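Put the two chains together into one complex, using the hints given.
Order-wise, the sequence lines are chains L and A. Following numbering that gives the first Met the number 0, the numbering of the first sequence begins with 0 at its first residue and continues without gaps. Following numbering that gives the first Met the number 0, the numbering of the second sequence begins with 0 at its first residue and continues without gaps.
Wrong hints could be hidden among the right ones.
Coverage of chain L stretches by chain A, computed from C-beta distances (three or more under 8 angstroms per stretch; other residues unrestricted) [to be verified]:
#: 1; stretch: 23 to 30
#: 2; stretch: 67 to 81
#: 3; stretch: 87 to 97
#: 4; stretch: 206 to 212
#: 5; stretch: 215 to 222
#: 6; stretch: 254 to 261
Rather than coming from a laboratory, the hints here were simulated on the basis of the structure. Keep in mind it's a predicted model, so treat the numbers as computed, not measured. Don't be surprised by glycine CBs; every beta carbon is placed ideally from N, CA and C.
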Amino acid sequence: MSGFWIMLTGALVASCCGILGCFLILRRMALVGDAISHSVLPGIVIAFLVSGSRDSFFMLFGAAILGFLTVFLIQLFQQSGVQNDASIGVVFTSLFAAGVLLVSLNAQHVDLDLDCVLYGEIAYVQWNTLVLGGVDLGPKAVWLLGITLFIIVVLITLFYKQFKLCAFDPALAAAIGIPVALFHYVLMGLVSMATVSSFESVGAILVVGLLIVPPATAYLLTDRLGAMIGLSLVIGVISSVGGYYAAAALDASIAGCMVCVAGVMFVLAFLFSPSHGFVVRKLRQRVSAAREAY
Amino acid sequence: MLNLITDPNLQWILLGSMLLGISTGVVGTFAYLRKQSLIGDTLAHAALPGICIAFMLTEVKSVGLFMIGAIVAGMIATVGISWITRYSRIKQDAAMGIVLSVFFGLGIVLLTQIQHSSYGNQSGLDKFLFGQAASMTAKDVYTMTSVAVVLIVVCALLFKEFKLISFDPGYARGLGFSVATLEQLLLWLVTIAVVVGIQAVGVVLVAALLITPAVSARYWTDRLGVMTVLSGLFGALSGAIGTWVSAGTAQLPTGPLSVLTATAVFVASVLFGPQRGVIAKLVRRRTAKRDWAAENAKQSGAGVGASAKERGVSA
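Chain A extracted, bound-state conformation (with noise of 0.2 angstroms):
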């Protein structure tokens, strides 16, 4: 465990986690405030027709390639679902299922394709979609980086636009602010840290960075810049401990560890939060019916001393 301070390359997996879970953890809370938690998983997944064709048009295997062909389709999966929801009757949960099965139907199609015709192998492909998170070099943290300063820089400067479109959107389109351009930023920006997070953590796992830091940080406050600051540091917390235990043993995969331990923050979180959690909610209950057991007594007291008074009074 001792050598995660010393050994660089270890360093670099620790910093590229932290900031994954830093810039998930900012954008998440706006989708999990939007009602939008399974865009993530929705994204990844859309994500893969763009992977194939980047793969089919220029057959080279490089992860800048494959990034920029996933952040395509993951932006026109977004302007699809924003098209679904707006112009018909389907609600969101469905418009995301629509897009994320019939991309990554799409998706298997090239693949096969692919597999079937002369590009060569696709086990570049593989990887690229089930995340290799150990395999991290100071290339991939500066990418990382350079997403983390604009996702929180961007997020920051339109804070009280990405506020108001969470909370009340019609209020918004009131006070004259692009609503529908706004969204979509929104979606851009969540796509881009997706496409991000696949390749350290898989097309799976992913979503779960996007929503469970931010559902823990509701638990602990009711103001949403506390929150996003909150889930921001919630996510790192996981990258962080998440790569420290797959250190210090041979062969668990960092992915699923952070992903396990953004799960035990949720559970704390759920448990122990000082309002909505359950333990506050028991005692709160408990409290309450103390408080209103003592008042009933209190006053069928008075009420039986009031009856005795007029007894004797008619007495």
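Chain L with its partners taken away, still in its complex shape (with noise of 0.2 angstroms):
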């Protein structure tokens, strides 16, 4: 049982991180996860600062509020002439500096282990249940993700063609009245909501690497955005499958698992994709190049 939750947990994460993450890549922000994940250490600071226990619901209050903080910051820097991938380094380095910090000065007081808030462990999934009214509803990191899938699945099927718009040709979207920014915000938006109801249980690495590694190598396989998100998804549950399974059997970390199956996905569509893949390419040339010299 214990691995079916575990292997349920990973599939919700890459299917959340499959979806957003293919607009990330098209939009060309695909590092905007990795940064979400470390600025949220400030938040998560402050919220157990305030409210003083561990308990996870204001620990994501808090990486929620740094989430959307961290996205805001980097939209007002680009806005100001900063390039898009210096401002997301500026942004989540400073922020990630000043929650080093806050940890630091209360060292004395704070029973806050970094390597527990930032790289949470989804072998230990299974532990942490939903009890509601004396009934085991199993554990608390399936709902969550869960009702994340669910919003996420929602928003992007009402506007899918806004979103697609936005992604390939924003001059053109904003032509015809569609309200970029607002679309952005949002996209941004559950970018950040995604990363952060992930990375506690599974931890910050996964969400990095569902949300680049399964669309990039969709990407390669297709030109028809549909087809990409669907294969995307298909790809992060397969590495979240196998990873697991390899884990079992490595016994090593979950997680990285699960990061290097999706890898190693990549790799072979990197090679053998049939229409972008590297070999196919080759083969492609040197057929044309005996033709021509026929």
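If you want it as structure tokens, here you go:
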């Protein structure tokens, strides 16, 4: 049973990240997830200091606020003329530095293990269960991620056309009257929600990996956005199931193995994708060169 | 605070942080212009498997070996990023993200292997990853000095080439430079700077040393030479102030303080930069608006006069 819950959590994280990651890759903001997962640290520390408890609700709340603040600051600096990637880098490193300072300032009366907050462990998912009215309803993380996935799916299906146009041609989208900035913020808000609700249970590295690697693999396999999202979901779920078994076989970190399986699939797509693969393109070049020589 | 001048230990830390700031600031300029700001973050994370493998092979906890492992892993990571961007349609940011997460994931797998097997505890690895500027010794400062000198000399010698590939790689290729080789060399310089920085400020914050001084410098000048020097200066200044404040208080770590100082310099640059700064832009907009209004008033005044004259003629 424990294996089932771990794989289900992994698959839910993979689905949330897989959908959003496609839009991030197309908008060239792939590293936003990485930034958010680091910059929530001061939010967690402040929530802990204010509430005095390690209850995950307060931490989640603090993290969510910092997630939105990160997105807002990145956008603000970008609009004042800083390059996209540089603005991401400056914002998350300064917030993380502030978080580390807060931790060391309160080191005496804060028993906050950085590793445990930032790099949650997916193997413990099953023991942190949601109990309502005496009934055990299954792991908390599954509920949280399920709700997040539901919100993501509803919003993306409702506004699929708008998100698609904003991802490919923001100028055209603005010209035909779509509020591009609003959709940008909605997308970033969803990313920050997905990151925050996943990282406590599965760890930052799994979120970042699943946000980028499966969508990038899907990007090499298809030219249609709908198919890309579908493929990215499939690849994400395969990574989480495959990663679980690999980890069980190797007796290693589950999150690490899931990311590695996704990495292997990316390398396969990079080499052998029928449309964009390295090997296939080289072969095609050779065939056309031979034909020309002939 | 005064003991900073007299305490020899603190002098070493101060010197080390300043040298680190100079080297990361200088190479960061090129990374920023080539839109690779987040390369520092990527390489710092990608160092983990290298460090683990170095430890597994030798079973010795030595900073020198960890650094070699980290540099080798970083170089492989840069090759990976270049291949992904060159041979597929994946863009640079996604390529960096893929390399970052897959390498770090692999590193975590190796780390759990180390924990579960008979290699003993991995506490030394943690210290290397999270950075310990306060434990910097004379030996570390010698390493940093040599690294800083090498980086600055190489950047000075290849300044023209790096400038060309930062602004117009197509033209550089047309002139017959091997752009791929130069790009790779630049990335390796960044790798060395990052790996040296990791042990001082830690994996996450070393990214800031690379980006923040360069972005701040960009606000003050349009010339690459000036920008590189300024970026190095900002880096050194952040390192120095970070160390100074950290020495004055009991428990504050140097790394985050240096990063926050760099951020303060960045915010000041965004506000007060002479051409691109927010305040300069506001002032320019206001003067332009006033000039336009004045001109308009003059023209419409002239227009009224002219029409009056016409009216007078027609009457």
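Hints, one by one, checked against the model:
1. Chain A is given as covering the stretch 23 to 30 of chain L, and this holds because 5 residues of the stretch bring a CB closer than 8 angstroms to a CB of that chain, at least three being needed.
2. Coverage of the stretch 67 to 81 of chain L by chain A holds [criterion: at least 3 residues with CB-CB distance below 8 angstroms; count 4].
3. Only residues whose C-beta sits within less than 8 angstroms of a C-beta in chain A count toward coverage, and the stretch 87 to 97 of chain L has 8 of them, enough to reach three; the restraint holds.
4. Note: the stretch 206 to 212 of chain L has 5 residues with beta-carbon separation from chain A under 8 angstroms; the three-residue rule is met and the coverage holds.
5. A stretch counts as covered by a chain when three or more of its residues have a beta carbon under 8 angstroms from one of that chain; for the stretch 215 to 222 of chain L and chain A the count is 3, and the coverage holds.
6. Chain A is given as covering the stretch 254 to 261 of chain L, and this holds because 7 residues of the stretch bring a CB closer than 8 angstroms to a CB of that chain, at least three being needed.
Taken one by one, the earlier hints all hold for this structure without exception.
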